[in-house]
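Construct the entire structure; sequences and hints are all you get.
2 protein chains.
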Amino acid sequence: MKKEALAYLKPFREKIIHAFEELEGEESFARTPWTYRSGEGGGEMAVLRGKVFEKAAVNFSEVSGEVFPGSDGKGPFYATGVSLITHMANPHAPTVHMNLRYIETPEKSWLAGGYDLTPMGFFYDEDTAHFLKTAEEALAPFGLYEDFHQQAKEYFYLPHRKKERGIGGVFFDHYNTGQPDEDLKVWKAVGESFLPAIIPLYQRRIDQDFSEEERAMQLRLRGHYAEFNLHYDRGTKFGFLSGGNPEAILCSLPPVATW
Amino acid sequence: MKKEALAYLKPFREKIIHAFEELEGEESFARTPWTYRSGEGGGEMAVLRGKVFEKAAVNFSEVSGEVFPGSDGKGPFYATGVSLITHMANPHAPTVHMNLRYIETPEKSWLAGGYDLTPMGFFYDEDTAHFLKTAEEALAPFGLYEDFHQQAKEYFYLPHRKKERGIGGVFFDHYNTGQPDEDLKVWKAVGESFLPAIIPLYQRRIDQDFSEEERAMQLRLRGHYAEFNLHYDRGTKFGFLSGGNPEAILCSLPPVATW
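Residue numbers (numbering that gives the first Met the number 0), protein chains in the order written: chain A, 0 to 258; chain B, 0 to 258.
Hints in this document: simulated from the structure, not taken from any laboratory. Check the hints yourself; a few may be wrong.
[What the hints assert, rightly or not] With a Cα cut of at most 30 angstroms, we get these calculated DSS-like pairs of lysine-lysine:
{"no.": "1", "chain 1": "A", "residue 1": "236", "chain 2": "B", "residue 2": "152"}
{"no.": "2", "chain 1": "B", "residue 1": "236", "chain 2": "A", "residue 2": "162"}
{"no.": "3", "chain 1": "A", "residue 1": "162", "chain 2": "B", "residue 2": "162"}
{"no.": "4", "chain 1": "A", "residue 1": "236", "chain 2": "B", "residue 2": "132"}
{"no.": "5", "chain 1": "B", "residue 1": "162", "chain 2": "A", "residue 2": "73"}
{"no.": "6", "chain 1": "A", "residue 1": "73", "chain 2": "B", "residue 2": "236"}
{"no.": "7", "chain 1": "B", "residue 1": "1", "chain 2": "A", "residue 2": "236"}
{"no.": "8", "chain 1": "B", "residue 1": "236", "chain 2": "B", "residue 2": "73"}
{"no.": "9", "chain 1": "A", "residue 1": "161", "chain 2": "B", "residue 2": "236"}
{"no.": "10", "chain 1": "A", "residue 1": "161", "chain 2": "B", "residue 2": "73"}
{"no.": "11", "chain 1": "A", "residue 1": "236", "chain 2": "B", "residue 2": "184"}
{"no.": "12", "chain 1": "B", "residue 1": "50", "chain 2": "A", "residue 2": "73"}
{"no.": "13", "chain 1": "A", "residue 1": "236", "chain 2": "B", "residue 2": "236"}
{"no.": "14", "chain 1": "B", "residue 1": "236", "chain 2": "A", "residue 2": "152"}
Source: prediction; values computed, not measured.
Here you go:
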């Protein structure tokens, strides 16, 4: 499965980088490779700081080690994935997060991933509907949308603020039905539906007018986003525990946030 | 002990608020009371957003409940404390954090607290020396400085960045030697030495010139500070788990941070 996962992830990531650069216009992603500890793998950050994308990161990583970090397993592990976040200049354009991961331990292997949308104060019904409908249609052939949507609802939640992080999306973890080919199809269906889910929203929103108050609201909501990523996010925990590159792990944090 | 702890905390807090307002000049602290869940206690936030203190919070809380949050105990608990943070407008002036707490569970009760200094890129030897020497002199009568200083070194540490949060200070937790009167003296000695440790630094630094690059460095280092407070800080964890007021718990976060 490792081979198939890697073969999908790399061109998938390039397609997203290309689509974002097209939307941005002039600026392009800055790529920074990094190696993991003593050289057991590594990754590449790609960060865009532009006029449309105030900050976007589309990262690839592939690491292995002797001791699985956290409580999901023990002993040697292998993990690879693409992880993505956007923080848009325009408050009308929501933040989006997406990731696809494949993980192996001696006892088991699994696929994981998903994407979710976080409006920065503007909840447009047509945007929410389009985003979720795209995910729903992608997962319809597998009958998995309700399940994955519910998992997103539970995962992307800030208990201390008693609110969901945004409008949700789809999320799955430890996914392994025993049918690797079918599982990969599900994983890829999530990946393939990501750009169709988000690009139309950005095309609609990135040129809308906004006020200073609306910018201030966006920065406060980015603070809530940072709270989630630093306090609850499993990727951050895994990254810190595994001794990963802090700059790569924290690429997801907003360019500016206020409290 | 509860009575003695409370009797110390309230005027202690007012003294700090007064000292900070004097340094600030015109602006004063905005006070916001809050109640805990169904009314088992509560607290008061006091937040100053001024020209010298870009943001300072000096909070008091007193809460009790049926189930102790976290792993330090179980069953009913009582917790009271003063917690303080500053984020200075001038990057030459370091961030300081201080807290004093008293906690009771059915099995045990303890005192906790400390203070630590986080320079925003400018490490002035004379400032570090004054800050630590003041703590050292306060704890000399008890022979506890080395111990508490070492605990601060270990606690105020960002493993993912492999660096200390700042230059440290003093920190102690679960402090109960079985001699309540002596323990209270130690606790109060930490409290009494706080203003003498920090005020002279602020008097020296708040009017120094700084550049845009230095401001940018301050905002990046504030990002690291937010990482500590959201990912590692015991107070944040306790606060979230106990269902405390998120605004009060997160008062410590910087007014603006960048990543």
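- Would you pick out the hints that fail for this structure and give their numbers low to high? The structure conflicts with hints 3, 4, 7, 11 and 12, although it agrees with all the remaining ones.
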